[in-house]
Each structure stands twice: as C-alpha cells, then as structure tokens.
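Start from the sequences and build out the full structure, keeping to the hints where you can.
Going down the list, the protein sequences come from chains L and B. The working numbering puts the first residue of the first sequence at 1, with every later residue one more than the last. The working numbering puts the first residue of the second sequence at 1, with every later residue one more than the last.
Hint data in this document are derived by calculation from the structure and do not stem from the laboratory. Hints may be right or wrong, so weigh each one.
[To be verified] Pairwise CB distance ranges, derived in the manner of DEER restraints:
#1 B:T16 - L:M184: 29 to 39 Å
#2 L:R261 - B:P118: 30 to 40 Å
#3 B:A178 - L:P103: 36 to 46 Å
#4 B:P118 - L:F66: 52 to 62 Å
#5 B:N6 - L:M184: 42 to 52 Å
#6 L:A200 - B:G109: 26 to 36 Å
Values in this document were obtained by computation on a predicted structure and should not be read as measured data. Beta carbons are placed, not taken as given, at the ideal position from N, Cα and C, and that holds for glycine.
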Amino acid sequence: MSQSQSYATILAEERRGGLRHAALVATVVAICVAALWITGFFDGRRFAEGLPALGQLGSEMVPPDFSRWQHWLRPLLDTLAMSIAGTALAVVISLPLAILAAPNTSPNPLVYQFTRTILAFLRSIPEIILGVIFVAAVGFGALPGVLALALHSVGMVGKFYAEAIEHVDPKPLEAARAAGATRMQVITHAVLPQVFPQLADITLYRWEYHFRASAVLGIVGAGGIGFELMAALRLIAYDQVSAILLSILACVVVVDALGARLRKALK
Amino acid sequence: MLDLDNVTVRYANRVTALEDASAAFPQGQFIVLLGPSGAGKSTMLRCLNGLVRPTSGKVRSEREGDIFASAAVLRRHRQQTGMIFQQHHLIGRLTALQNVLMGRLAFHGTFRSMLPLPRADRLVAIEALDRVGLGDRALHRADQLSGGQQQRVGIARALAQRPAAILADEPVASLDPATADKVLALLHRICREDGITAVVSLHQVELARRYGDRIYGLADGRIVFDGAGQTLCGASLDRIYGPSLKTSVQPGQSQPPLKMAKTA
Numbered sequence: 001m002s003q004s005q006s007y008a009t010i011l012a013e014e015r016r017g018g019l020r021h022a023a024l025v026a027t028v029v030a031i032c033v034a035a036l037w038i039t040g041f042f043d044g045r046r047f048a049e050g051l052p053a054l055g056q057l058g059s060e061m062v063p064p065d066f067s068r069w070q071h072w073l074r075p076l077l078d079t080l081a082m083s084i085a086g087t088a089l090a091v092v093i094s095l096p097l098a099i100l101a102a103p104n105t106s107p108n109p110l111v112y113q114f115t116r117t118i119l120a121f122l123r124s125i126p127e128i129i130l131g132v133i134f135v136a137a138v139g140f141g142a143l144p145g146v147l148a149l150a151l152h153s154v155g156m157v158g159k160f161y162a163e164a165i166e167h168v169d170p171k172p173l174e175a176a177r178a179a180g181a182t183r184m185q186v187i188t189h190a191v192l193p194q195v196f197p198q199l200a201d202i203t204l205y206r207w208e209y210h211f212r213a214s215a216v217l218g219i220v221g222a223g224g225i226g227f228e229l230m231a232a233l234r235l236i237a238y239d240q241v242s243a244i245l246l247s248i249l250a251c252v253v254v255v256d257a258l259g260a261r262l263r264k265a266l267k
Numbered sequence: 001m002l003d004l005d006n007v008t009v010r011y012a013n014r015v016t017a018l019e020d021a022s023a024a025f026p027q028g029q030f031i032v033l034l035g036p037s038g039a040g041k042s043t044m045l046r047c048l049n050g051l052v053r054p055t056s057g058k059v060r061s062e063r064e065g066d067i068f069a070s071a072a073v074l075r076r077h078r079q080q081t082g083m084i085f086q087q088h089h090l091i092g093r094l095t096a097l098q099n100v101l102m103g104r105l106a107f108h109g110t111f112r113s114m115l116p117l118p119r120a121d122r123l124v125a126i127e128a129l130d131r132v133g134l135g136d137r138a139l140h141r142a143d144q145l146s147g148g149q150q151q152r153v154g155i156a157r158a159l160a161q162r163p164a165a166i167l168a169d170e171p172v173a174s175l176d177p178a179t180a181d182k183v184l185a186l187l188h189r190i191c192r193e194d195g196i197t198a199v200v201s202l203h204q205v206e207l208a209r210r211y212g213d214r215i216y217g218l219a220d221g222r223i224v225f226d227g228a229g230q231t232l233c234g235a236s237l238d239r240i241y242g243p244s245l246k247t248s249v250q251p252g253q254s255q256p257p258l259k260m261a262k263t264a
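Printed below as a string of structure tokens:
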C-alpha cells in the first residue's frame, strides 16, 4: 500500500467516526425535542393565555405580607426540628444497614444482596407518599413528617454510607485483624475512623435537604411551615404565600451555611 | 517458638504461593526470610498469624499449639503476635497514639472497646511510642509523619501488644537506604532486649546478612536456603535469586531497594 493510500484510509476512518458522533448528537436532540412536544411545550396559545395570568399572580405576590409572622415562628421551628429529628433517625438506622450493605464488611453475600434491595426499595418510595401514609397512620403533625423523612432517607443515606465504606483503604483492616481484633472491632476501629469525615459530609447534606423537604411535607398535613403555606394558598392570599416562601428561603440559607461550617470543622 | 510443618498454600487462582514448607522459628531469634518478590515471603508470614490459612500442613505456636484449633485460639495467638507491614497500614487521619492503641484491641471485648480504652492501655501505647523515639509525636496525625516515622509507629503498634513474636513484611522496602537501616536496627535492638522472636522478610542481601541470626531463602514458594548469615554464599544466592542476578547481587553488596519512596 502506498503512503498516500494509507493516509486516505486513516482519513476515511476518521470521517466515519465523525459521522457516528454527529448521528449520536442528532438522536439526543431529537429525543429532547420529542419530549418537549409530548408535554405540550410547543403549544403557543397556552403560553399566550398563561403569561398574563402568571403576571397577575406575580403582582398579587408583591408586596409580601409579613403581618402574620408570629404565627409562622412555631411552624418554622417545627420544620427545623423535623429536619434534625429525621436526620438523626435516618443515621441511626442507616449505619448498621450500610455495614451489611458494603461488600467488605457484610457477613455474607446473601445479607449483602438483601440489604441492598431493602435500601433500593426505601429510596423508591417518594417521601411525599410516605408522608400521606404516616399522616393516615399517626395523625397530623410533625411526627408523620419525621417518620417519612427518616424512612425515605435511610434508602439514600444507607446507600451513600455503604459506598463510602466500600472504598475504605483495606490495609488498616488487615493490621487490625493481625492484632487479633474481632470482626466488630475491625469495623469500629479500622473502618469507621477512616470514613467518619465522609459519613459526616453525607449526613450534613441530608440535613440541609431535609429542611427543604419538610417544608413540602407540611402540604400533606405533616406539620411545620408547609402547613401554613398550604393554608395561605387555599385562602388565595398570594402576598402571604410569597412572605412564607421568603421566610423558608432565609432559613434554607442559614441551614446551608451552618452545614457548610460544620462540614469544614469535621474535615 | 513458631513452627511451620509441611505447609502448602494454593490460592483460588491456582497459584501455589508456598510448597511444602517446613521451618522453625525459635524463641528470641531474629530470622530473615530472603527472596525476590513473589517468592512466598508474604504468604509465609501471613500463615504464621493465620491471615492466610494453609491449604495443607500445620502452623504451631509453643503456647497455643495448632493456631487454627478454634477462633478463640487464633485470636489469642494473634494477640501475642505483632505484625509490621511494608506500607505501615496506619490510619492517616488518626493520631500516632490512636493507631498504636489498635494493638490493644485484642485485650478487650468488642463492647468494652467501643468506649475509650483504659488508662493502663494508653500508658502501654505511649511507652511503645517512646521506645521507638516518637513519644513527642504521640498526638500528631499519622499522615503528618515522615515515612520512617510512620514505620516506627507501625513498630510501636506491634510492641503495644507486648508480643512474643513480631512478623515484619518487608518493613523497610518503602524507605530510603539510610532510613531503612536505622529502622531495621531499631527493630533488631528492641526484639533482642525483650526476647521477642522476629520473622522479617527482606529482599536486601546485605541487611539479611547483618541482622539475621538465621536466614530462610525462598524461591518460587520453596525454601531453598536455610542457615546462618555467614553461610549465605554465591551459590546459595543463585538458588534464591536465580543465576542471572549473580552479577548484580554480589555478596556483601546491597541490592538497590526496589522502591524508593518517602524519606525519614
């Protein structure tokens, strides 16, 4: 084969690669456009009618009406308490499950598979559904909210914990075994000290998330500021709705900042 | 006193790491396992504390007999047997003292060890750190120490067990030559003073000669040399390392370390 021929084959090969790439991009774009079309995004009339309504709503939201602020303090405190209690419960349940769900600490493959399945199942139930179920079971208030947050989070937190444990450095584990440590001592003294910063990280992120999620849970009657938000919406008092949303936003900013500070301190 | 009787180890991938090896490790001796990588030194050491279970053959200790007799016997045997690793096997974010305290775990039940260990154990741990010259570094994080210091913490962790024997798997392979010599001299001195049996794998011929009361030479999972350091001649080195290395490994000349990592 002459040199120019071999160059030509390389270039032809490169061109085929480029075409494959272009086809892939075109497919992804086509799927996205189809999804927008199916969900009615290209219906111009609905936007034309909707925009003024949206403008009307917006104008009713300003200025925010903070006159009922004393009535929101307790629900906001409830929401904060719900987020902390939900996180605490989730951690206590997640840690033992995560140890069973990490291949390097699980006692056997059957337990490992079983625990993984439980965690996946818990994750797959949205907390709002759990909220509805627990409100029906234990009545209105913060308690069903806490239970819903905790149970859903066990699926999430347990999985993240297990992944952190899985990637632990195996060398100190061998050292502990060599020194005569029991299986449990290997976990408590060689595994957990290594992953503590990651576990703290996951937990704090989850707490921040819980604060936002518990605001939503109030909507199904699970206590906290979400309950007030729902009441204001029902009364069509949009100026109060915007005031409550701003209050939640302020709290979220504080909680996130606090979480970031704690994470840094625990590094 | 430790004994290997006709020990064979075959791993799941059908690799035979140790073939019919019999060896005796008398109390108080400093014994070197010499050989190239993959010769079976690590496997032999891990048989001696039960981290690896032989496919056939027996591992015996003077105090416990067959170390695999039961889980309790194995745990007691490990408690009396310290281990030192090539890469220290420390937890970087814990202090030197916390790492050394790992050597005290086997002295307590699982539930007791969830609480901070008693003051007596902490004193043992500090004393062990002091022995290796790191008493003033007890509260430093392990990952802030130099390579040589980290290995000394590893030695202190083994000493904190108040062991009858210490197994050391290439304890100086990750150190530069000068530090390697210092760390090995320290280990040798302490084992002499306390009458601890030491089984130390090395690949440097010169270090083996200098410190070994007795040398076992390993090649391809077999013991091919057994004798005092002075009797390690060119012919025996051929058996351990193969004739091809004769030119590069002259008697009395140290082989360059395979890995040159952190300095002390």
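Range agreement (Cβ of L:M184 with Cβ of B:N6, hint 42 to 52 Å): At roughly 35 Å between Cβ atoms, L:M184 and B:N6 fall outside 42 to 52 Å, so the hint is violated.
Range hint 29 to 39 Å (beta carbons of B:T16 and L:M184) holds or violated: 34 Å, holds
Please check whether L:A200 and B:G109 have a Cβ separation lying inside 26 to 36 Å. 28 Å, holds
Has the hinted range 36 to 46 Å been met by the Cβ atoms of B:A178 and L:P103? The hint (36 to 46 Å, Cβ to Cβ) holds, given that B:A178 and L:P103 are roughly 41 Å apart.
Please check whether B:P118 and L:F66 have a Cβ separation lying inside 52 to 62 Å. Since B:P118 and L:F66 have Cβ atoms about 58 Å apart, the given range 52 to 62 Å holds.
Given the hint of 30 to 40 Å, is the C-beta distance from L:R261 to B:P118 inside that range or not? With a Cβ separation near 35 Å, L:R261 and B:P118 satisfy 30 to 40 Å, so the hint holds.
Against the hints set out earlier in the document, a violation occurs for number 5 only.
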